[in-house]
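These are the residues of each chain, in order.
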Amino acid sequence: MSFTWPPDLYFLIMLSPINTSWRLARLYLRIADWSLIPLYFLMVVALYGAFLYAPTEREMGEVQRIFYFHVGAAWNCFLAFFGVFLGGVAYLITRKRSWDHLAASCVEVGVVFTTMVLTTGPIWARPIWNTWWPWGDPRIMTTMVLWLIYVAYLMLRSSLPEGETKYKYCAVFGIIGFLDVPIVWFSIRWWRTIHPVVITSSGAELEPEMIHALFVSVIAMTVLCVTLVMLRMAMRLNSSMAEELTHS
Amino acid sequence: MNPIALTWVLVGKDLKIEYRSRQAYLTTVFFALLILVIFNFAFDPGSPATREAAPGILWVALLFPGIIRLNRSFQVEMEEGTLYGLILSPADRGVLFLGKFLANWLFLMVVDLLVLLAFVIVYNFSFSIQLLWIALLIVLSALGFSAVGTLLGAMVSTIRTREVLLPVLLFPIILPIILPAVSGTQEILLAQEIQSLGRSVELLLAFDVIYLAAGFVLFDYVVAD
Amino acid sequence: MPEPSVPLLRLSKVTKRFGVIRAVWNVDLEVSQGDSLAIFGPNGAGKTTLLRIIASLTQPTSGEIEFAFKGDNQSRNRVGYVSHLSLLYNELTGFENLLFYARLYGIQEAHDRADEMLAKMGLEEARNQRTGEYSRGMKQRLTLARALLHEPQLLLLDEPYTGLDQHGSRLFTEVLRGLKQEGRTILLVTHNLGEGLELCDRVMIQNRGELVFQALGEHLDKSGFEKLYFQAVEGERTE
Chain A
1 MSFTWPPDLY FLIMLSPINT SWRLARLYLR IADWSLIPLY FLMVVALYGA FLYAPTEREM
61 GEVQRIFYFH VGAAWNCFLA FFGVFLGGVA YLITRKRSWD HLAASCVEVG VVFTTMVLTT
121 GPIWARPIWN TWWPWGDPRI MTTMVLWLIY VAYLMLRSSL PEGETKYKYC AVFGIIGFLD
181 VPIVWFSIRW WRTIHPVVIT SSGAELEPEM IHALFVSVIA MTVLCVTLVM LRMAMRLNSS
241 MAEELTHS
Chain B
1 MNPIALTWVL VGKDLKIEYR SRQAYLTTVF FALLILVIFN FAFDPGSPAT REAAPGILWV
61 ALLFPGIIRL NRSFQVEMEE GTLYGLILSP ADRGVLFLGK FLANWLFLMV VDLLVLLAFV
121 IVYNFSFSIQ LLWIALLIVL SALGFSAVGT LLGAMVSTIR TREVLLPVLL FPIILPIILP
181 AVSGTQEILL AQEIQSLGRS VELLLAFDVI YLAAGFVLFD YVVAD
Chain C
1 MPEPSVPLLR LSKVTKRFGV IRAVWNVDLE VSQGDSLAIF GPNGAGKTTL LRIIASLTQP
61 TSGEIEFAFK GDNQSRNRVG YVSHLSLLYN ELTGFENLLF YARLYGIQEA HDRADEMLAK
121 MGLEEARNQR TGEYSRGMKQ RLTLARALLH EPQLLLLDEP YTGLDQHGSR LFTEVLRGLK
181 QEGRTILLVT HNLGEGLELC DRVMIQNRGE LVFQALGEHL DKSGFEKLYF QAVEGERTE
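Chains as they are written, first to last, in the numbering used here: chain A, 1 to 248; chain B, 1 to 225; chain C, 1 to 239.
Hints in this document: simulated from the structure, not taken from any laboratory. Treat the hints loosely; a few may be bogus.
Selected chain A positions facing chain B (in silico; Cβ < 8 angstroms) [said to hold, decoys possible]:
1. L148
2. D180
3. I219
In the DMTMM-like style, the derived pairs of lysine to aspartate or glutamate whose C-alpha atoms are separated by at most 20 angstroms in a straight line are [what the hints assert, rightly or not]:
4. K180(C) / E198(C)
5. K13(C) / E209(A)
6. K180(C) / E195(C)
7. K96(A) / E244(A)
8. K16(B) / D221(C)
9. K13(C) / E210(C)
10. K180(C) / D158(C)
11. K166(A) / E163(B)
12. K13(C) / E62(A)
13. K180(C) / E64(C)
14. K227(C) / E182(C)
15. K180(C) / E116(C)
16. K96(A) / E64(C)
17. K120(C) / E174(C)
18. K96(A) / D220(B)
19. K120(C) / E182(C)
20. K96(A) / E243(A)
21. K222(C) / E182(C)
22. K13(C) / E30(C)
23. K13(C) / D28(C)
24. K13(C) / E64(C)
25. K16(B) / E91(C)
26. K166(A) / D220(B)
27. K96(A) / D33(A)
Cβ coordinates follow ideal geometry from the N, Cα and C atoms, glycine included.
So that you can see chain A by itself, here it is in the shape it has in the complex (with noise of 0.2 angstroms):
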């Protein structure tokens, strides 16, 4: 454990009853932690594989690198939603609070690659579709609503104070918030969509090399994701610790 605790808070907290809570920050945190080196690795490598070992695109050009980071960071916005779901239903049968942790760090990070998917898009899209916006992509479409879905999941925890109420409040406007996915991707696909085929048909193109980099890619993304959540839920941990230890 490389993270810092000053020594006396570190024995006040081994005194305590909720010890366990401790066990469980320092439980995320050595995931953090471990994952810290491999991350440094994946990411370097990533790098490499999206700027130098994946060649050019022949029509798209040195645009089209950017896919590789924009499909590992759209692949994470929706395994952190699906977290965010799990740990609303997972809170609602047991009301254990870390499963709340769970569903908040989700979003926070969720959020920022849902963010990370809408600004790669638009650079990438305006070079090879003339338009910023493609309002008819059911991808784009739906990652928006998502992103809007989100954010108002955070603007819902931000209005409420700390309590069970909260928690509970939150794990259901998750559930709803993910129950709108399927619906929002058929609504788009029927109703909106001029580019039907997009990635299907660049996905049939790639060389071995290009999915080598992509490959790389996601899982470099992942890894992150994971490190991120964990991060936030240690944090979140530790600050109702300190609650509970300032004021009981």
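Based on the hints, put chains B and C in the right spot on chain A.
Using the frame of chain A, we list chains B and C on its own:
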């Protein structure tokens, strides 16, 4: 008391209260009419472009009054703490949800159909049997809207910033039903053919079923502390 | 009916936190059938929260609540709750309000029951008047009627005297005394010593979430209690 009778007791109570405070009801309808007129002023009324956009305008005019309605629906229950009266009773929480949802749905349908009537006149469309299809779309989307809205309305009713928070939470969730509703309306009004209307209805139904079930199950968590 | 020796309600180590604030702290409490208990405390002592926990309107953070009610655990059917809000619809008449709640509680002959309660509270004349037009005293009596519709064994009262004039509060006390004689259990929380002492056999003081004092009313010297109350409440503040 059996759940169905109990649901009607709850609905009857809400409708009676709405009838006694017609003011709020009329305000909602009036607001919807204003939206129709504002869009008419904002665009060139006679131009074909406005006619193209008309279905979208109709749905905007249907959405915003809905928010007013939902806010009011729980404001009534908060004024004298009657929401606690409801949840203290032995009535099943799911039934409480259904009662509130049905009242909201009925209310919205009445407002929406009045708005549709006004829309046809203000935007110079002709009265025909086709309008029944639009009415169907309205009924279905009002159902889903009330289901999610009742759940979220109950949730935000205790929060100080509820008036702003409700649309912020509700609109992203109901975004996907706007597409089928608007394009269905477009087909009916402008293309005079109803090929893919079935799909609109399908998607709206899916939305309705998912959120009605979710509301029924989750309502317990948003009212009980 | 539970045996008189068995407590109707038992709270053990009940605690409720709101974030970092402790509204109710480590409360142990037993209430027996037929008890009338008053809990006094200054504003913010956690009285209302304690009552809400007993009414099952809110869950305690830790601790346990047990009811002695037999049957299908229907504690909601056995508890009547008078909050500082009226829980009545202003747009409905007195009769409609009672009828609605009677149906909600699944009472047979809901019409008769609603009329009966109106008569009991002396509100027949205001039967068809909207409760929004009621005076404070009438409304408070209707609130009580609402809470008593389903014949609860345990009646929870949260500051029921707020806003009542002297005449109104005397009337209200009469009604409560009648209920006491019927053998109903009453739990009253208030910051007003006079009314509570007049009505209740047991008194307690809650301060900063904790129950700090309890005594039986009959052994109590009223002016002495007042002194004691201020000591209990302020003693801690000056520390």
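These are the hints, each one checked on the structure:
no.: 1; hint: L148; result: holds, 4 angstroms
no.: 2; hint: D180; result: holds, 5 angstroms
no.: 3; hint: I219; result: violated, 31 angstroms
no.: 4; hint: K180(C) / E198(C); result: holds, 12 angstroms
no.: 5; hint: K13(C) / E209(A); result: violated, 65 angstroms
no.: 6; hint: K180(C) / E195(C); result: holds, 14 angstroms
no.: 7; hint: K96(A) / E244(A); result: holds, 16 angstroms
no.: 8; hint: K16(B) / D221(C); result: violated, 52 angstroms
no.: 9; hint: K13(C) / E210(C); result: holds, 10 angstroms
no.: 10; hint: K180(C) / D158(C); result: holds, 17 angstroms
no.: 11; hint: K166(A) / E163(B); result: holds, 18 angstroms
no.: 12; hint: K13(C) / E62(A); result: violated, 67 angstroms
no.: 13; hint: K180(C) / E64(C); result: violated, 27 angstroms
no.: 14; hint: K227(C) / E182(C); result: violated, 33 angstroms
no.: 15; hint: K180(C) / E116(C); result: holds, 19 angstroms
no.: 16; hint: K96(A) / E64(C); result: holds, 18 angstroms
no.: 17; hint: K120(C) / E174(C); result: holds, 12 angstroms
no.: 18; hint: K96(A) / D220(B); result: holds, 18 angstroms
no.: 19; hint: K120(C) / E182(C); result: holds, 14 angstroms
no.: 20; hint: K96(A) / E243(A); result: holds, 17 angstroms
no.: 21; hint: K222(C) / E182(C); result: violated, 26 angstroms
no.: 22; hint: K13(C) / E30(C); result: holds, 12 angstroms
no.: 23; hint: K13(C) / D28(C); result: holds, 5 angstroms
no.: 24; hint: K13(C) / E64(C); result: holds, 7 angstroms
no.: 25; hint: K16(B) / E91(C); result: holds, 8 angstroms
no.: 26; hint: K166(A) / D220(B); result: holds, 15 angstroms
no.: 27; hint: K96(A) / D33(A); result: violated, 24 angstroms
Checked against the numbered hints listed earlier, the structure breaks hints 3, 5, 8, 12, 13, 14, 21, 27; every other hint is satisfied.
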